[in-house]
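Novice: Taking the hints into account, I'd like the entire structure generated from these sequences.
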Amino acid sequence: MNVGELLIYCMTFFGLYTSIYFLMTIFEKRKDLRKGDAKMCPKVTICVPCYNEENTIVKTLKSLIKLDYDKDKLEIIVVDDGSTDKTYKKAKAFAEKHKEVNIQIYKKENGGKYTALNLAIEKSTGEFFGGLDADSFVDKKALRKIVKFFEDKNVTAVTPSMLVDNPKGALQRIQYIEYLLGVFLRKVFAEIGSVHVTPGPFSIYRKSFFDEYGGFIQAHHTEDQEMAMRAQRHDKVIENAVDAYVYTVAPNDFRTLYKQRLRWYRGFIRNVIDYRDLFSAKHGNLGMFILPSSFISVIFVIFFMVYFIVENVNNLVDQYLALNAINFDIWELLKHIKIDIFFMNTSAIAVLGIISLMFALIVILVAKKMAKEKKPITISYILFIVFYWMLFGFWWFVSAIAALFTKKSKWGHKSHEI
Amino acid sequence: MNKKRFSTHKSITVLLLTIIIFSLGIVVGNYNTSQKFSQVLSLSKNLQTQTLGAEVVNDILEENLCEMNNLDYLNDDLFALSERLGYMETVLGSENSQVVELKNDYFVIEARHWILTKRKNERCSNGDTELNETIVLYFYSNEGDCHKCKEQGSVLVYLMQKYKGMKIYSFDINADSQVVRVIKNVYDIEGTPGLIINDQSYVGYLNIEGFEQLVENQKLVE
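Those sequence lines, one after another, are chains A and B.
Taking the working numbering, the leading residue of the first sequence gets 322, the next gets one more, and so forth.
Taking the working numbering, the leading residue of the second sequence gets 742, the next gets one more, and so forth.
Calculated directly from the structure, the hints in this document are not laboratory data.
Take these hints with a grain of salt, some might be off.
[As the list claims (entries may be wrong)] Keeping only pairs whose Cα atoms sit at most 20 Å apart, straight-line, the calculated SDA-like set for lysine to any residue is: (1) B:K891 with A:A643; (2) A:K656 with B:K903; (3) B:K891 with A:I651; (4) B:K744 with A:I341.
Specialist: Listed below in structure tokens is the structure:
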């Protein structure tokens, strides 16, 4: 057995273990996945931090005022973080038009998303506080579903289910399936008390948490990850409302997506280093299982990607040379080609590969059901299972290098990345 | 109940389930491989018997050699066996003892077949060496020291398909086989890719045109 084969065996075993663990968790809680709507209606403040969002700000605000929630219990704070376009004007006009809802607009000098959120925390009067990026839209029922969890006094934060808004093109479709998986994972993590990201769009916090532990910090441009880890460090409970849907606009070009992922994963690595004390038995599943396995899976994927590339480049070069030697007269070879079942790969690695694909498909189907996604399975699901890991490996590979070897972020310090 | 608490019970249950599914995958995969291996083994045994039979028939009825068509059928089987052996080698690794043993058997069958074909050609052809009657012995190495072997193999398969009737017998130069050693010494093959084309040795890579030219030249010499 060579190193590559050993790697594949270990990876498959690890992948199977985590898939079974996650599926079992959902299966155990299957009757209790949805909590229904809240009866209580406490005051909630939603901050919309924005930086040059003139195209989407109105749609975002519209989705907020359509929330199925008492209007006098909803406080919307728009913080324009030094936009150079018409964001402020558009938000202001919207607030004028919708006086029935408490919408406050603030404009400040550009200081980064976390500073906009902190300003809103300072101004807020709600018992609960959350953000909604100006490229995201909430489902009408989302807030009620989330608030339901706060009936339990121990709950500090609740995350929603994030989905891609109106996916078009290959990249957005891939992310669409990825976000579906995210719905599944977020719920699993919440069920085993291991949520380590409270995504920017519509994660709601008990405001007293900020009073006690402070507001957002820059946190390597991933303030939402840092906040969740901070809550975990203080042993707080973070829940997930699986049927509180938030739709977000996913990047549709490779460059933007690449930058986004670099920021997320690089931020994740840096934050985990900052919060390395979470890796301990004291933090239960998070410290003993989820964080270590995140790292293991990243290492596996990176190694596997490198192995896969090296192996296949060698094969491709050999194939090229072999064809070149016969002057690319492929026709002569094709004339004699015979399809023989004998040469179909049925070795242990191939069988394990098929089992892994089946588990991946089961996880996606469960995720689809949890997100109440009705659209049929298309070819993009299969393409996702077969190719996504390469993209994922590439992002992590670059992010790991960026996290370990660059001191400062290359991207606009104070802008609001998606 | 505290959701954060690490559950040893659950972890062990999942571990057991994973081990069961994982082992099942390995058992099924290994079963498939062993099935394929026995298929190759029986093909090899069959060829051995048939070659031996052909030799015996040839010894008894020497003058009938020219009418013996079954040598060509055997040649197809020989090619099928070599392809399957190549596949098993990639699946099980060239160091696998079963693979090594089978390969050595295969070289013996090849050598016997080669001798019979050579004898038949000498006795029955009109004396000219045509490309489609060419007999080639090909020495390759799988140990990473033969950079041109992949290309040479590709050229030979191509030629074999282009010139029906051309016979190619391939030998692993590093094989621990007496047959391989003797042929190598008799024909002075000291490197790879090494070729014996109608009894003429050639060491080094030979492309399609070079090969065809070489056979044409042999014809002129005759």
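Novice: Could you run down the list of hints and mark each one as holding or not?
Specialist: To see whether the hints hold, each was checked on the structure:
Taking the CA atoms of B:K891 and A:A643, the gap is about 6 Å. The hint holds against a cut of 20 Å. Taken as a hint, the A:K656 and B:K903 pair is honoured in the structure, with Cα atoms around 10 Å apart against an allowance of 20 Å. A distance of roughly 16 Å separates the Cα atoms of B:K891 and A:I651; the hinted pair therefore holds under the 20 Å criterion. A threshold of 20 Å between alpha carbons decides the hint, and for B:K744 with A:I341 the separation of about 18 Å falls inside it, so the pair holds.
The structure fails none of the hints (numbered hints given earlier).
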